[in-house]
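Chemist: Full structure from sequences and hints, please.
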Amino acid sequence: MSSDGDPDRAEISHGRRIFFIWLIVAGIVTPLVALFVTPYLPPGDASVQANNQQGINAILLVLVVPIILGCVVYVFYSFVLFRDRGDGRPDSPVLRGNRRVTVWWIIGTCLIVAFVVPYGTWQWMGPGVGSGSAQGPKPIATPPGETLEVQVIGQQWQFTYRYPSFGGIETQELVIPEDQYVELHVTSLDVNHSFWAVGLALKADAVNGADNVVFVSATRAGEFKIRCAELCGLWHGEMYQNDARVVPEAEFQTWIQQQTELNEGLLAYLPPYAHIYYPQPFYRGD
Amino acid sequence: MSETASLTSPSRQPVRRFWRFGIGSGLLLALVGFILGHVIGRTISGSWEPADGTDQQDLALVLGYVFGVIGWLCGLGFARYPIRRLRGQEPGLFVDDHSEDGASRFFRLSTDHKVVGIQYIVGGLTTFLIGGLNAMLIRYQLLSPNGTAWNPNEYLTIVSLHGSVMVMTMSALILGGFGNYLVPLMIGSRRTAFPRIQALSFSLFISAVLVIMTSVFVGGIPTGWTGYSPLGVEARVGMDSYYVAFALVAMALTLVGIDLMVTIISLRAPGMSWKRLPIFVWSVLATTVMMALASPMLLATGFMGLLDRTVDTVNFVAPLGGSAFLYENLFWFFGHPEVYILAIPGFGIILEIIPVFTRRALWGYGLAVVGMLGIAFMSFTVWQHHLFVSGINSDLRPFYSLSTELISIPTSLIFLAAFGTLWKGKIRFSVPMLFSMAFLSNFIIGGATGIFLSDVPSNATTHGSYFVTAHFHFTMMGGLVFAMFAAVYYWLPKMTGLRFREGAAKWHFWTLFVAFNSTFLPLFVLGARGMPRRVPTYDPTFVFLNRWASVSAFCIFASMLIFIANFVWSQFLKRERADANPWDSRGLEWQVATPVPAHNFSEIPVVLSGPYEYGVPGAEPVANLTPTGIPDPVDEDGNPIENPDRTPDVLIAGGRIFSLSVMFFFAAFVFAFFYLRSINSNNLWNKGYLGPDQAISQAILGSTLVGLAFFGAAMRRIRKDDERGWHRLGVVAVVMGGATILLQIIQLVSLGFEPSSGGYASVLVGWTAAMIAVEVGALYWLLTLVAGQARLRHGTHSATLGSGGMLSSRAHLAASAQAYWGLNRLLAGVIVLAYVLLAVIR
Ligand code: HEM
Ligand SMILES: [Cu+2]
Ligand SMILES: [Cu+2]
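From first to last, the protein sequence lines are chains A and B.
Its first residue numbered 96, the first sequence is counted upward by one per residue in the numbering used here.
Its first residue numbered 719, the second sequence is counted upward by one per residue in the numbering used here.
Hint data in this document are derived by calculation from the structure and do not stem from the laboratory.
You may find that some hints are simply not true.
Said to hold, decoys possible - Only part of the chain B face toward chain A is listed, based on derived beta-carbon distances under 8 Å:
1. W943
2. S1041
3. S1108
4. D1113
5. I1127
6. G1138
7. F1170
8. N1177
9. G1182
10. F1290
11. G1333
12. G1336
13. P1339
Note that beta-carbon positions come from the ideal geometry of N, C-alpha and C, so glycine has one too.
Modeler: Right under this line is the structure:
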C-alpha cells in the first residue's frame, strides 16, 4: 500500500477512505431503507399503538443500519486492504491506543443511549399510551376520557373475552369498536400465555393471579390476527382460533346485543367478573 | 512409574487390581444408583397419587437421577478423596494422572488441567453436535406450515433439548475446555487452584447433558429452555430431568467459576502482573464472576421447582400462594448473566487472536479489560428486560431499558479495541483470524437488534417472536460459536500437536459464514411479521422464508460435516505434526513444547513482558522459562513440588468466593420470602399455618450460635498453635453442627409436607432443606479438619503431597480452618436470618 513511506499521511488517507466508503454506502442504503422499508415495517398502522411502534421501529432501524454498515465496512475494508503483503516487515507499526478516538467513541455510544432510551420511554408514557406494551395492574400511561373495558382470558389453549360493561358476558371472539380507547385486562386461568394482537400491535402476558392492562385505539375496521407469544404447552402453536375484529361503533352495538342474548342462559354459570380468577387448582395430587 | 506411584498409600494398590475407576464403573454405579433412588422414591411416595394419567412418580424419578449421578461420580473415583479426608489422610493424587500417556486417561478422572480441558472440548463438541442435530429436526418440521414430522410434544421437546443442550454446552465448553487448558499455561502455573473440583465440574456437566437427554423417555420437556412455571410444575415427569439437569449444570458452572477465579487471582507466575494478563484470561475472570454468583441462583430455582413437583410445595403456583413471577425473576436473574457467560469468553478469544495475526499490540488493552468487567457487573442489573410485557414492575421499565442500553457502552469498547488493533495492520488471514473477523460482523447484528428488544415500544413488536430467536443466534451462534471455532483452529494444534488442513478449514469457514447469515437473517423478518417462537406450525404466508431458513440450516449442517471430516482426517487419519509455535505468537502458552509436557513448566517461569509486544523495538521475550536453570524438585511420583506458601492464599481465596456463591444461593430464598409475602394476602401467604414449633426454631438458633462460638474459640487456639485445645473445641463444634442438622430435619419432618399450605410453608420447606444440604457439606469440611488435625498430632502424616501442590500439612490445615471459619460465620448468619424471617416475622 501507499502507506509505508509516511505513516501519518497514510493514517489520514485510510481513515478518510473508510469514512467516505461508509458515507456512500450508508448514504445510499439508509435513505433507501427509510423510503422503501420503513413504510412496510410491522406492525402497520391499524391502531394508534401500531402506528407508534412502527414509527419507533422505523427510527431505530434508520439509526441501526448505518451502525451495522459502519462495522461491516470497517471489517471488509481491513479484510481487503490491511493485509500482510509479504514486504519483509513482519509486524504492524505499534499503536496502543488513541485518547481522542476513545473519547469520541464513548461519547458517540452515550449519545445513542441518551437518545434511544428517553425517546422510547417518552413515547410509551406519552403519545403511545403504553405503545401496546402491557402495563401491569396499575397503568401509568392512560388515555384521556372514557374507555371500554374488555377482559382477555388465556387458558390452555384459547383466549376468551369478557365485557364487564355489558353484564360481564363472555365471548369467543374479540370485537372492539373503531376509534375508541379500549382497556384490555389480560389474565390467565392456568399457565402463562401472552396475548399478541399482531396487527393491532398489542402484547401482554397472561399470568394466572395477575391482571395486566394494555390500551388500544383501533384506527380502522378490519380483521386482525391473534397469537399466543408465550409457550403454554402442547397446542401453543395453535392458539389462534379467531381473529380480532374492529368494527364501527354501530356494528359493535348490534354485535354486543346479539352476544348478550346468546349469553343469557350462560351467565349464571360464569364466575362474577373479576380481574383475577383462581379456578380450582389444576394441581396434581390434589 | 506406577509401582512407585503411591508410596503415600500402599494400601490402595491391591484394590485397584480388582476395580478400576473409569467410565465403565461410572456407568455401572450410575445404573445401580438410579435403580436404588427410584426404589427409595417409590417407597416414600408410595401412598401419594401418581402424576396425571401415568404410573410415574416425580419423587422416584428425581431420586433416581440424584442417586444415579452420585453413583456415576463414585464410579469415576470421586469418593476416594472425601473418604481419605474424613480419615484424616492427605488427599493423595489420582495416581493414573501422569503415569499414563495413552488415550485412556481421557476417559477417567484426571486432575491434570490439560486432560480435563480436552475432556471438555471433545465432550462439548459432541454435545454441540447433538444440539445441532436437534436444530436440524426443528428446521425439518418447519419446512412446511403444517409440518407433521413431529407431534407438538415431540417438537417442543426437541426445541427444549436444542436450547438447553446448546446453552449448557456453550457455557461449559469455552471456560471448561479452553479456560481450564489455557489459563494455567497463560499465567505460568502448573495447575488450576482446585484440580479435583475442576475434574468434578466436567463430570457434573456431562451427567447434566445425559440426564436432560433421558427426558425423551419419560414424556419430554414442554417448556423450552426457560422452564417457565406453572407450565413447568404442571408438566409430565420428563420435566424433572430439566430441573435436575439445570441444577447439575449450575453446580458445574459455579465450581468452574470458583476454580478459575482463584487460579487467576492466586497462581500467576512471578512477573505476571495484572497489566500483563492476556486478554483471554481477563475474559475468563470476568466470566467467572458471573458464573460463581449467578449460577447458585439457578441451583436454588431448580431446587424450588423440584420441590414443587415432588413434595407439592407451591412456590410457583399462584392459586395456592406462590407466583409465576417469582420463577421468572429468579430464572432471569441467573439467565441474563448467563447470556453474557455466553458472550464474554468470545470477546476474549477474538481479542487474543486478532493481535497475533495483525502483529500488533492489542489496541486499547485497558479499555477491553474495563469493557469486560463492566459487562460482567452490569449484567446483574438488567434481568427484567425479559419481562417488559409481563406486567410485573411495569413502572420500572425505563430503568431496565436504560441499564440494558448502558451495557452497549462497555460492549462498544470491545469493538473499539478490535477495530483499533486492525487499523492499518499487516493482517494474516489464517483461519482463526477469519472466524474472528466474522465474529465482529455477526455480533454487531446481534447487538444492534438488541436495541429494538430493549426499547419498550419496539419490544412489544418483537418479544416472544422469531425476532428474538434470530437476535440471540446472532450473538450465540454468530458470536460465540464462531469464536469457538477460531479457538479450535488456533489452539488445537498446540493441544494435540497436529495441524488442521488449511483448505478444508477455509471451506468450513466460508460455507458456515454464508449459511449462518442466510439461515438467521430471514428469521428477523418472520418474527417482526408475527411468527411466535416455539411453534410447530405457522401461518402459510410465512412458508417461503421458513423454507429458505430450513434449507440454509441444512447447509450449516453440511458445513459442519466439513469440519468433522477435517477433524477426523487431520487428528486421526493423516496426522501432520504442528510446529511448537505455528502462528508465531508471543503468548506464554506457545513458548512451551508441543505437545505440552506433563507439568507444563520444568520451572515456574518468570514473566518479563506483556504478551502482545509485536514489533516493539527492543521488547523483551515474554518470559524466562528457566530462570534458575535448575528444574524444580519432584516428589516420588515425579510430580514437581509446588511452592507451599501459595496454599493458604488459594484456600482462603477459594473459601471466600465459595461463601459468596453460597450467599447468592440463599439470596434466592430470601427473595422468595419477601416476594411471596408481599404479593399474597395474609390468607394465601400462610393459610393460618404459623410454622414449626417455636421451641425447635430456637433450639436450632441456639445450637448454631454455640457451635459458632466454639469454632471461633478453636480458631484462636489454632493461631496460637495450641493443638490439644483446638482439638477439643473442634469436636464440640462438630457435635453442635450435627445437632443443628438433626434439629432441622426434625423441623422439616414435623411440617408433614403439608401441600398447599401457602407460600410461607413453601419457603420454609425449601429454605430448611437447602440449609440442611449446605450444612451437611460444611459438617464434612469440619470433620476433615478435626480428623486431619488428629492425624497430625499422632504424627502419622506424610510430609509431602504430590502435585495437588500442598505441602506442610499444618499450614494447610490452618488455612483450611481459616477458610472454613468464613463459611461458618456466613452460614450462622443465614440461620439467624432464617430464624428472624421464618420464625419471628413470618
Ligand atoms: C446449527 C445451527 C442452529 C440452528 C439451525 C438453530 C435453530 C434454532 C431454531 C429454529 C430455534 C427456534 C425453535 C423455536 O422457537 O421453535 C432455536 C432455538 C434456540 N437455539 Fe438454536 N439453532 C442453531 C444453533 C444454536 C446454538 C449454537 C445455540 C447456542 C449457543 C442455540 C441456542 C438456542 C436456544 C437457547 C434456543 C431457544 C430454545 C427455546 O426456545 O427454549 N442454537 N434454534
Ligand atoms: Cu401459548
Ligand atoms: Cu437478558
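Chemist: Compare the structure with each hint and give your call.
Modeler: Okay, the hints, checked on the actual structure:
Interface hint at W943(B): violated, since its Cβ lies 10 Å from the closest Cβ of chain A, which is beyond the 8 Å cut-off. For the restraint placing S1041(B) at the interface with chain A, the shortest Cβ-Cβ distance is roughly 7 Å, inside the 8 Å limit, so the hint holds. About 4 Å separates the beta-carbon of S1108(B) from the nearest beta-carbon of chain A, less than 8 Å, and the hint is met. Evaluation of the D1113(B) hint against chain A yields a held restraint, the C-beta minimum of about 6 Å falling below 8 Å.
Hint status for I1127(B) relative to chain A: holds, with the closest Cβ pair at about 5 Å, below 8 Å. Nearest Cβ of chain A to the Cβ of G1138(B): about 7 Å, under the 8 Å cut. The hint holds. Interface restraint check: F1170(B) against chain A, minimum CB-CB distance 6 Å, threshold 8 Å, status holds. The closest approach between the C-beta of N1177(B) and any C-beta of chain A is roughly 6 Å, which is under the 8 Å cut-off, so the hint is satisfied.
Below 8 Å, beta-carbon pairs count as interface contacts, and G1182(B) has one with chain A at about 3 Å; its hint therefore holds. Of the supplied interface hints, the one on F1290(B) is violated, with its beta-carbon coming no nearer than about 32 Å to a beta-carbon of chain A, more than 8 Å. At a threshold of 8 Å, the smallest CB-CB gap from G1333(B) to chain A is about 3 Å, leaving the interface hint in force. Interface restraint check for G1336(B): the shortest CB-CB distance to chain A comes to about 12 Å, outside 8 Å, so the restraint is violated.
About 15 Å separates the beta-carbon of P1339(B) from the nearest beta-carbon of chain A, more than 8 Å, and the hint is not met.
Of the hints listed earlier, those the structure fails to meet are numbers 1, 10, 12, 13, in rising order.
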